[in-house]
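A.B. asks: Residues per chain, in single letters:
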Amino acid sequence: MIHIFEGLLGHIFVIVAFVSSLLAAYAYFKGKSRDEGWISFGNKLFYLHLIAILGVIGILFYLIFNHYFEYHYVFSHSSKLLPSYYQISCLWEGQEGSFLLWMFWNAILGIILINTNKFWKAPVMFIMSLTQVFLASMILGVVIFDVKIGSSPFILLRDVIDAPIFKTNPRFIPEDGNGLNPLLQSYWMVIHPPTLFLGFATTVVPFAYCIGGLLIGKSKEWIHPALPWTQFSAMILGVGILMGAYWAYETLNFGGYWNWDPVENAIYVPWLVLVAAIHVMIAYKKSGSSLKLSLILVVATFILVLYATFLTRSGILGNSSVHSFTDLGLSGQLLLCLLFFLALSIILIVKRWRQIPLTEREIAAYSREFWIFIGTAVLGLMAFQVLAYTSMPVYNAIAENLGFSLNMAPPVDIFDAYSFPQLLLAIVLAILSGTGQFLWWRKMDKNKLLDELKIPLILALVVSVFVIVIGKVSEWYYILLLITSLYSVFANLKIFISLAKSNISLSGGSIAHIGVALMLIGILFSSGYSSIMSKNYTGLVWSSEFPDDVNNNNLLLFINELRPMGDYSVIYKGIRRWTREQGYVNEDDLYYTNDPLKVVLNKDTLTLINPENSYFEVAYETKSGDSFTLYPRVQINEAMGGPVYAPAIRRSLTSDIYTHVRTFPEPEQEVEWSDPEETKVTIGDKFFINDYIATLEKLTPVDEINGTKLSKNDVAVKAVINVRGEYKDYKAEPVFLIRNKELVGRIDDEVNDLAFRISIQNIIPQENAVILAYQTTQKDWIIIEAVRKPWINLLWIGTLLLVVGFLIAMRKRYVEFMEMQQI
Amino acid sequence: MKAKYILGIVIIAAAIVIIMTMTGDASSYVSFTEAKDLSDKGFKRSIHVVGELPKTAGGKIIGIEESPDKLSFKFQMVDEDGFKQQVLHANPIPADFDKSEQVVIIGTYKGEIFIAEKILLKCPSKYQEDPEFTS
Numbered sequence: 001m002i003h004i005f006e007g008l009l010g011h012i013f014v015i016v017a018f019v020s021s022l023l024a025a026y027a028y029f030k031g032k033s034r035d036e037g038w039i040s041f042g043n044k045l046f047y048l049h050l051i052a053i054l055g056v057i058g059i060l061f062y063l064i065f066n067h068y069f070e071y072h073y074v075f076s077h078s079s080k081l082l083p084s085y086y087q088i089s090c091l092w093e094g095q096e097g098s099f100l101l102w103m104f105w106n107a108i109l110g111i112i113l114i115n116t117n118k119f120w121k122a123p124v125m126f127i128m129s130l131t132q133v134f135l136a137s138m139i140l141g142v143v144i145f146d147v148k149i150g151s152s153p154f155i156l157l158r159d160v161i162d163a164p165i166f167k168t169n170p171r172f173i174p175e176d177g178n179g180l181n182p183l184l185q186s187y188w189m190v191i192h193p194p195t196l197f198l199g200f201a202t203t204v205v206p207f208a209y210c211i212g213g214l215l216i217g218k219s220k221e222w223i224h225p226a227l228p229w230t231q232f233s234a235m236i237l238g239v240g241i242l243m244g245a246y247w248a249y250e251t252l253n254f255g256g257y258w259n260w261d262p263v264e265n266a267i268y269v270p271w272l273v274l275v276a277a278i279h280v281m282i283a284y285k286k287s288g289s290s291l292k293l294s295l296i297l298v299v300a301t302f303i304l305v306l307y308a309t310f311l312t313r314s315g316i317l318g319n320s321s322v323h324s325f326t327d328l329g330l331s332g333q334l335l336l337c338l339l340f341f342l343a344l345s346i347i348l349i350v351k352r353w354r355q356i357p358l359t360e361r362e363i364a365a366y367s368r369e370f371w372i373f374i375g376t377a378v379l380g381l382m383a384f385q386v387l388a389y390t391s392m393p394v395y396n397a398i399a400e401n402l403g404f405s406l407n408m409a410p411p412v413d414i415f416d417a418y419s420f421p422q423l424l425l426a427i428v429l430a431i432l433s434g435t436g437q438f439l440w441w442r443k444m445d446k447n448k449l450l451d452e453l454k455i456p457l458i459l460a461l462v463v464s465v466f467v468i469v470i471g472k473v474s475e476w477y478y479i480l481l482l483i484t485s486l487y488s489v490f491a492n493l494k495i496f497i498s499l500a501k502s503n504i505s506l507s508g509g510s511i512a513h514i515g516v517a518l519m520l521i522g523i524l525f526s527s528g529y530s531s532i533m534s535k536n537y538t539g540l541v542w543s544s545e546f547p548d549d550v551n552n553n554n555l556l557l558f559i560n561e562l563r564p565m566g567d568y569s570v571i572y573k574g575i576r577r578w579t580r581e582q583g584y585v586n587e588d589d590l591y592y593t594n595d596p597l598k599v600v601l602n603k604d605t606l607t608l609i610n611p612e613n614s615y616f617e618v619a620y621e622t623k624s625g626d627s628f629t630l631y632p633r634v635q636i637n638e639a640m641g642g643p644v645y646a647p648a649i650r651r652s653l654t655s656d657i658y659t660h661v662r663t664f665p666e667p668e669q670e671v672e673w674s675d676p677e678e679t680k681v682t683i684g685d686k687f688f689i690n691d692y693i694a695t696l697e698k699l700t701p702v703d704e705i706n707g708t709k710l711s712k713n714d715v716a717v718k719a720v721i722n723v724r725g726e727y728k729d730y731k732a733e734p735v736f737l738i739r740n741k742e743l744v745g746r747i748d749d750e751v752n753d754l755a756f757r758i759s760i761q762n763i764i765p766q767e768n769a770v771i772l773a774y775q776t777t778q779k780d781w782i783i784i785e786a787v788r789k790p791w792i793n794l795l796w797i798g799t800l801l802l803v804v805g806f807l808i809a810m811r812k813r814y815v816e817f818m819e820m821q822q823i
Numbered sequence: 001m002k003a004k005y006i007l008g009i010v011i012i013a014a015a016i017v018i019i020m021t022m023t024g025d026a027s028s029y030v031s032f033t034e035a036k037d038l039s040d041k042g043f044k045r046s047i048h049v050v051g052e053l054p055k056t057a058g059g060k061i062i063g064i065e066e067s068p069d070k071l072s073f074k075f076q077m078v079d080e081d082g083f084k085q086q087v088l089h090a091n092p093i094p095a096d097f098d099k100s101e102q103v104v105i106i107g108t109y110k111g112e113i114f115i116a117e118k119i120l121l122k123c124p125s126k127y128q129e130d131p132e133f134t135s
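So the protein sequences, as listed, match chains A and B.
Under this note's numbering, the very last position in the first sequence is 823; numbers go up by exactly one each time.
Under this note's numbering, the very last position in the second sequence is 135; numbers go up by exactly one each time.
Take the hints with a grain of salt, since some may be wrong.
Cβ-to-Cβ under 8 angstroms is the rule here; a few derived chain B residues that face chain A [what the hints assert, rightly or not]: (1) SER27; (2) SER46; (3) HIS48; (4) LEU71; (5) ALA95; (6) ILE106.
Here are the simulated EDC-like pairs of lysine to aspartate or glutamate, each with C-alpha atoms no more than 16 angstroms apart in a straight line [unchecked claim]: (7) B:LYS118 x A:ASP413; (8) B:LYS44 x A:ASP413; (9) B:LYS118 x A:ASP261; (10) B:LYS2 x A:GLU369; (11) B:LYS70 x A:GLU670.
A few chain A residues that face chain B, going by a derived Cβ cut-off under 7 angstroms, partial list only [claimed, not checked]: (12) ALA377; (13) LEU381; (14) GLN385; (15) ALA388; (16) TYR389; (17) ASN407; (18) MET408; (19) ALA409; (20) PRO411; (21) VAL412; (22) ALA417; (23) VAL644; (24) THR663.
Just so you know, these hints were derived from the structure itself, not from any lab.
Ideal placement from N, C-alpha and C gives every residue a C-beta, glycine not left out.
Could you put together the complete structure from these sequences and hints?
C.D. replies: Dropping the structure here:
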């Protein structure tokens, strides 16, 4: 039965969300000069708006959870077999869902603002509601005058897909959905999108304070309430970005955490600008300078977030990104949203520009303002560099609209295009973040500064020398990055120690800077000095046509054959499945049931955690006897078309070992067997099968085969053969069957790990012997790539410190703001 | 105000350097004929070619040859001028290769064969293609 009502209700909630945000925006606008009547009306509408959004989310989740595949969104993004925690991620896998997530956070933030800030409520909530109008319009799914506005998540499958089945049977409901993209089946994908979208949503709060402030003529006071929000936003967005990086590292096969993909760049750029904004805002609070710069950076951050949304969702990136985005035909709407907020900001800034005080003071070279300004400039250049490169498809589109062809394609060498320039600017940033801190806290002249910097500088140089020698750092730019980052660590550590003694609540900045410097060192080593462990030492090339790196960097492992690899020996032990009860179990020992989630092993029924995944057991052993096992996975997913691989990572303090399977013999492929070889053996005899020692242990009569009882006229004999494999013994039990005393049946037995199958050709009772026939095939194999990534933990530790630093700083600014309000 | 102006000039100069390097770093979209031309003239940098995979009437891609170890494959690609070219990619076949409508390959010619270092697939809707319903 098609559940029409649920979708209809959902769609009504969408429309209510849109209309209520529009009315709320109007009410808050009317109430901007503190008209309480309008404001409280606006509040009521905004609460209604939140309820409507919760309604939309609730119904969409209800549809997914109950597998209502008659709905296009449910059909496209979920399936019955999906574990329930991934059904939550189905909610935001599609574009509509991710807009919904963004709106949800915006609404929550709006409610927090309504309840915490009286004075700023109307102008700030006006901007918040306006944002919601645009976001809600993206999922509106209404056609007005032949113009489709938004794409609703509550469309029925039959209204989207033009399949013949719907003509003959409009009530048709598919049995199962397309499922969630296997790459997104990671717990990071349960928490990364909500975090990232909370980051997106929080950028609107400083923007709302800024534009709201301009609107009511408070062109400088907005900074105080906006600052803690800006810090919160930078923290959440930063964490969201790094979660994405971590997901890519754990799930994708490109062997890293950052690929300068347009999707990553699009959000990296606003984050840099946001961080720059924090610095100038703090400078403004200290000395009253750079108000105009603060204003521009806060506005730029939000506009860049909208630009990122436009880039990644309008389909304009089509030819330049590995991520493929469903073009929902929203590009016009997205562009309109971007241009609306851009125009609104420009108009208000121009209108109030003369009222904004400008500091006329000369900026001295040893003042903190000067250093903050250079730092902002460097962050701005970093953002500009990435933005300029990522926007190439936009230049092409603009050129095309103007009537000529620009034909710019994204750069091929991403190190030259992104990593190298960013790295150079990061070196400058590290110097600034180390030195700037000293100027921040004390009045300085040249001599005093040099005095303070002596110790960190000497420490940085000494430690660098050791690290360069031990870590064999050879490129000049990595050496510079190492020295400057270490300098930043020590300089900020010195500041931290002196602050910890006096007033620890001020130490946020120094902790965050140490975090960033550690992140830089972590990136330097894990990306610059990752080393391939799976060197192909055999001297054989896979193919002379391949580029050298493919020939050299992959290792072929046959099942149960030990291979030396760097400092390790590795063994591939076969394909495993992951069960809830017993962890990884051998696929060959399992019997499948009608329930795809249930398997039987030795009469125990086990539950598969993810029935679509298979795992390759790869055991590592060091010469000193330490061992560990990795389980890189493959998912054969019909909807995706082919096998999707994911790596497994062995983590240790100083380095990660990253292993992924590049290819393996596909299970459906037909096995090629050798010609049978016959051998006559008596009980107790030893003989060879495929170079393994085998013993015929006994011949026993059997009365059932695969659970079926034999009839009286049938006779069956089973040979029990023990085969000694490399690591364990295997039992092969072929059966010889005589039916109705004349028809002969031979049931062979296959030992997958040892790549043979064996059958009983004949029985010679007078000699107590049997004639066995065996065939061999190629052993199971995988081709792996293993990479060591040194010091990647510094990146994650640095991230944690950055978060801690932000939290401390945010607390301080919030307390300051609250104290100010009470005056 | 002097320091401010010098700084301003430095920033603008840096921005100009970025834009200049960008135009230098940018690759371009070309046809196979142009790519071959460039390669013959000694231009060895990677370029982008946009095209489609030849398909039978039933929608099956023709001309894919997979290496026995499955580490690489060759395929036919028709560029926007209709020129057909054999392409080698030294990686396993990407998961949704057979569903792609448009393909962007990045690489260079090596003799008569085009070596693609990277393949970008454009599946207009990766997860939303019309499913084949059988019931």
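A.B. asks: Hints first: check each against the structure and report whether it holds.
C.D. replies: Hint-by-hint comparison with the structure:
Interface restraint check for SER27 (chain B): the shortest CB-CB distance to chain A comes to about 4 angstroms, inside 8 angstroms, so the restraint holds. Given hint, SER46 (chain B) at the interface with chain A, holds; its Cβ is 4 angstroms from that chain's nearest Cβ, closer than 8 angstroms. Because the beta carbon of HIS48 (chain B) sits about 4 angstroms from the nearest beta carbon in chain A, less than 8 angstroms, this interface hint is met. Hint on LEU71 (chain B) holds. Least Cβ distance to chain A is approximately 5 angstroms, under the 8 angstroms limit.
Because the beta carbon of ALA95 (chain B) sits about 4 angstroms from the nearest beta carbon in chain A, less than 8 angstroms, this interface hint is met. The restraint placing ILE106 (chain B) at the interface with chain A holds, with a minimum CB-CB distance near 6 angstroms, inside the 8 angstroms limit. In summary, the hint linking LYS118 (chain B) to ASP413 (chain A) is supported, as the alpha carbons are separated by about 11 angstroms, within the 16 angstroms threshold. Of the supplied pair hints, the one linking LYS44 (chain B) and ASP413 (chain A) holds, its CA atoms being roughly 13 angstroms apart against a limit of 16 angstroms.
For the hint linking LYS118 (chain B) to ASP261 (chain A), the alpha-carbon distance of about 13 angstroms falls within 16 angstroms, and the restraint holds. This hinted pair checks out: LYS2 (chain B) and GLU369 (chain A) have alpha carbons roughly 15 angstroms apart, not beyond 16 angstroms. Simply put, LYS70 (chain B) and GLU670 (chain A) have alpha-carbon atoms about 15 angstroms apart, close enough for the 16 angstroms limit, and the pair holds. The closest approach between the C-beta of ALA377 (chain A) and any C-beta of chain B is roughly 5 angstroms, which is under the 7 angstroms cut-off, so the hint is satisfied.
Because the closest C-beta pair between LEU381 (chain A) and chain B is about 5 angstroms apart, less than 7 angstroms, the hint holds. Taking 7 angstroms as the C-beta cut-off, the interface hint given for GLN385 (chain A) holds, the closest approach to chain B being about 5 angstroms. The restraint placing ALA388 (chain A) at the interface with chain B holds, with a minimum CB-CB distance near 5 angstroms, inside the 7 angstroms limit. The beta carbon of TYR389 (chain A) is positioned within 7 angstroms of a beta carbon in chain B (closest approach about 6 angstroms), and the interface hint is therefore held.
Contact between ASN407 (chain A) and chain B, as hinted, is supported at the beta carbon level, the nearest pair being about 5 angstroms apart and thus within 7 angstroms. At its closest, the beta carbon of MET408 (chain A) sits 5 angstroms from a beta carbon of chain B; the interface hint therefore holds under the 7 angstroms criterion. Interface restraint check for ALA409 (chain A): the shortest CB-CB distance to chain B comes to about 4 angstroms, inside 7 angstroms, so the restraint holds. Interface hint at PRO411 (chain A): satisfied, since its Cβ lies 4 angstroms from the closest Cβ of chain B, which is below the 7 angstroms cut-off.
With a least beta-carbon distance of about 4 angstroms to chain B, the hint placing VAL412 (chain A) at the interface is held under the 7 angstroms criterion. Interface hint status for ALA417 (chain A): upheld, as the beta-carbon distance to the closest one in chain B is roughly 5 angstroms, under 7 angstroms. Hint status for VAL644 (chain A) relative to chain B: holds, with the closest Cβ pair at about 5 angstroms, below 7 angstroms. Proximity of THR663 (chain A) to chain B holds as hinted, the smallest CB-CB distance being about 4 angstroms (cut-off 7 angstroms).
Checked against the numbered hints given earlier, the structure satisfies every one of them.
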